[in-house]
Structure formats: structure tokens, C-alpha cells
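Trainee: Every letter in the sequence shown is one number past the one before it in this note's numbering, and letter 27, counting from 1, is 27.
For the record, the hints were derived by calculation from the structure and aren't laboratory data. Note that the coordinates shown come from a computational prediction; the quantities given were computed from them, not determined experimentally. Incorrect hints may appear among the rest.
[Unchecked claim] Within a straight-line C-alpha distance of at most 20 angstroms, the following computed SDA-like cross-link-like pairs (lysine to any residue) qualify:
1) K241 <-> T11
2) K241 <-> K215
3) K215 <-> E37
4) K157 <-> E185
5) K241 <-> P40
6) K241 <-> F79
7) K157 <-> F79
8) K241 <-> H71
9) K157 <-> V213
10) K215 <-> R10
11) K241 <-> Q221
12) K241 <-> A75
13) K241 <-> A150
14) K215 <-> N290
15) K241 <-> W212
16) K65 <-> P44
17) K241 <-> V14
[Said to hold, decoys possible] Quick list of the computed label-pair ranges, beta carbon to beta carbon:
18) V201 <-> R171: 50 to 56 angstroms
19) V289 <-> A230: 40 to 46 angstroms
20) D255 <-> R29: 40 to 46 angstroms
21) V201 <-> G257: 23 to 29 angstroms
22) S28 <-> E170: 18 to 24 angstroms
23) D255 <-> E211: 38 to 44 angstroms
24) G257 <-> S298: 44 to 50 angstroms
25) E173 <-> S66: 25 to 31 angstroms
26) R260 <-> R167: 24 to 30 angstroms
27) R260 <-> S298: 20 to 26 angstroms
28) S66 <-> R260: 29 to 35 angstroms
Yeah, the Cβ is synthetic: ideal placement off N, Cα and C, and Gly gets one too.
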Amino acid sequence: MAAVKPRHWRTPAVRHLAWLCRARNLVSRGPVFAPAEVLPRDTPARLALLDRSPAPLLNQLASVKSRRLGHYFEALYRFLLTDLLHWPVLMHNTAVRSADGRTLGELDFVVRNMASGEVEHHEIAVKYYLGLALSSPDDGPHSRWYGPNARDRLDLKFHRMFDHQCRMTERPETLTMLRAAGIHETVAPRLFMPGNLFYPVAPRTQPDLPEWVSKDHERGQWLYFSELPAATPASWTALTKPDWLGPFQSREIPDHGVTREILTAAERNHRPVLLARMERGYDGYYREVNRHFVVPDSWPGPSVN
């Protein structure tokens, strides 16, 4: 097992990959997978080499036509499997269909774990959720964890991955498909869902966590636009995807004017913004020390449940 320690990375994609190597799962229940526990000892040296000569990683990422963060994350994960772990990918994004052609689900990755010799089915996602303490006549006090656009919820995503996606290899249709591909062994499910959980700034009531959430998950805070300080701190910088992945780094001084413009436009268009608070290190580089989501005052909206 290799310990990939934070350092300054010249290539953003290598920084994202290095974070992925040590990223912690948001969940602790089920067949959770931790890349950090299986990476070879030469991983730090391999990452340092990639930082100097990143073409192999950048070429793989360039093959991803979508600009969605999930697809970028998936390409990083495939590189981790094939280049850092040297695990053969036997299937990738393979649809499972019924006899009449209906799509029943999809297998993110089917790989051969070269340490154990076993075949594994990996379901992966990178997620960001903001916690909200609620109260209603029917449910009383309760908590919800919504995505920044309030289009999904932590509990629904986890149960979908745990109860449905991780169990796809139990279905007879999947077993038939695996055998047709020459895979006759039992396929072990693995779940990997890193990301951040954001807590409301004090003094708002803090939300409860589901008992299946990892206690050592990566954290941040969130606030409404109306709660922003009148003078935005000069140390804040707005993060754009894919720089949501792991702590941000930069050689440049945070541009307060640009950050203010981004916040003004986001508030006008009712869009959330992810901010990082940066500190200058002894080496002159700026590194993220914490992160905040800023959301519209109407968030999460009247139609969510």
C-alpha cells in the first residue's frame, strides 16, 4: 500500500488523480472500495513522473468527449485501474438487457484484481451534498442531504448504488452476459463514492448524518448568497469543474475581482458556486484550506422532498 501525500502538482489532471488515489468514501456500509489500500508502493514516484510527462494521462482524458464531471472522474478512475494498479478492465459501461431488449442497468467497471486474482464489479460516483435540517408536521425534525442543484439526494443515491447497481451481477441476465464474455467466476461487487458533504454555517441547526456515512468523510460548509460577507474575502477563489476534485492549488494570487464577478453572475442566474479559501505556503504556492458552497436563497426549492 502506498501513501500518496499532498504536495504541489504542476499538472491539474495529475493533482486530480493524486486526490483520487487517497480519496475517502462518503459511505461505510456495503462492499466499499478504497484505492489507497491497494496502490503499489511506487505510486508516488509514478505520479511524480506523470506530473513531469503527463501525456499518457492527458491523452486518455482527451478521449472523453463529454464535459460532465462524472465522465471526467470515470476516465481518471480507469487510468488508476490500468496504469497505477495494472488491473485489466474486462468491461466498461456495459449495459445489461432483458430478453426483450429492455435496459436493466449498467456495469461501470468489471476488472480483474491482480492482487487477489478475483473478478470485481466496481460501481463509482463522485458526489457533493449539502445538509439541511428540516421539520414538518408529518415527519417532525429530520435532515436531508441535497446536491447543489437539489436534483438528487444522498440517501436516494446510496440506496440506488447499494441495493440496485452493486447487485446487478446477481441477475441471471448479467450472469449470461458475463459467461458470454468468458467470465465464469463469481464477481464481487465494490462501491466507491468519494466527494464532499457540506454543512451549513453556524448558527443554523446542523443536519444529522445517516448512520452509513463514513465518519472521516471530506467536509465543507455552505451558505446562502444573502449570508455572504459584504466584502468577499480576498483569499476566496471560485472553483470550476473538474477542479472540484480534491483540494485546489495555484501559483497565482486569488483574483478577488474575478471571484466577485462570478458570484454576482451566479446570484443573478440563481446558480450555486463552489468557493475555495486559499492560503499561501512557504514555497509561494497557494493551497485550498477549506471550501464553501454558496447557493441561491431559494435553495433547495419548494418542490423537493
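Trainee: Hint by hint, say whether it matches the structure.
Mentor: Outcome of the hint check:
no. : hint                              : result
1   : K241 <-> T11                      : holds, 15 angstroms
2   : K241 <-> K215                     : violated, 26 angstroms
3   : K215 <-> E37                      : holds, 18 angstroms
4   : K157 <-> E185                     : violated, 28 angstroms
5   : K241 <-> P40                      : violated, 29 angstroms
6   : K241 <-> F79                      : holds, 19 angstroms
7   : K157 <-> F79                      : violated, 25 angstroms
8   : K241 <-> H71                      : holds, 11 angstroms
9   : K157 <-> V213                     : holds, 12 angstroms
10  : K215 <-> R10                      : violated, 31 angstroms
11  : K241 <-> Q221                     : holds, 18 angstroms
12  : K241 <-> A75                      : holds, 14 angstroms
13  : K241 <-> A150                     : holds, 18 angstroms
14  : K215 <-> N290                     : holds, 18 angstroms
15  : K241 <-> W212                     : violated, 28 angstroms
16  : K65 <-> P44                       : violated, 29 angstroms
17  : K241 <-> V14                      : holds, 15 angstroms
18  : V201 <-> R171: 50 to 56 angstroms : violated, 45 angstroms
19  : V289 <-> A230: 40 to 46 angstroms : violated, 22 angstroms
20  : D255 <-> R29: 40 to 46 angstroms  : holds, 42 angstroms
21  : V201 <-> G257: 23 to 29 angstroms : holds, 24 angstroms
22  : S28 <-> E170: 18 to 24 angstroms  : holds, 22 angstroms
23  : D255 <-> E211: 38 to 44 angstroms : holds, 42 angstroms
24  : G257 <-> S298: 44 to 50 angstroms : violated, 27 angstroms
25  : E173 <-> S66: 25 to 31 angstroms  : holds, 27 angstroms
26  : R260 <-> R167: 24 to 30 angstroms : violated, 48 angstroms
27  : R260 <-> S298: 20 to 26 angstroms : holds, 21 angstroms
28  : S66 <-> R260: 29 to 35 angstroms  : holds, 30 angstroms
Violated hints, in rising order: 2, 4, 5, 7, 10, 15, 16, 18, 19, 24 and 26; the structure is consistent with all others.
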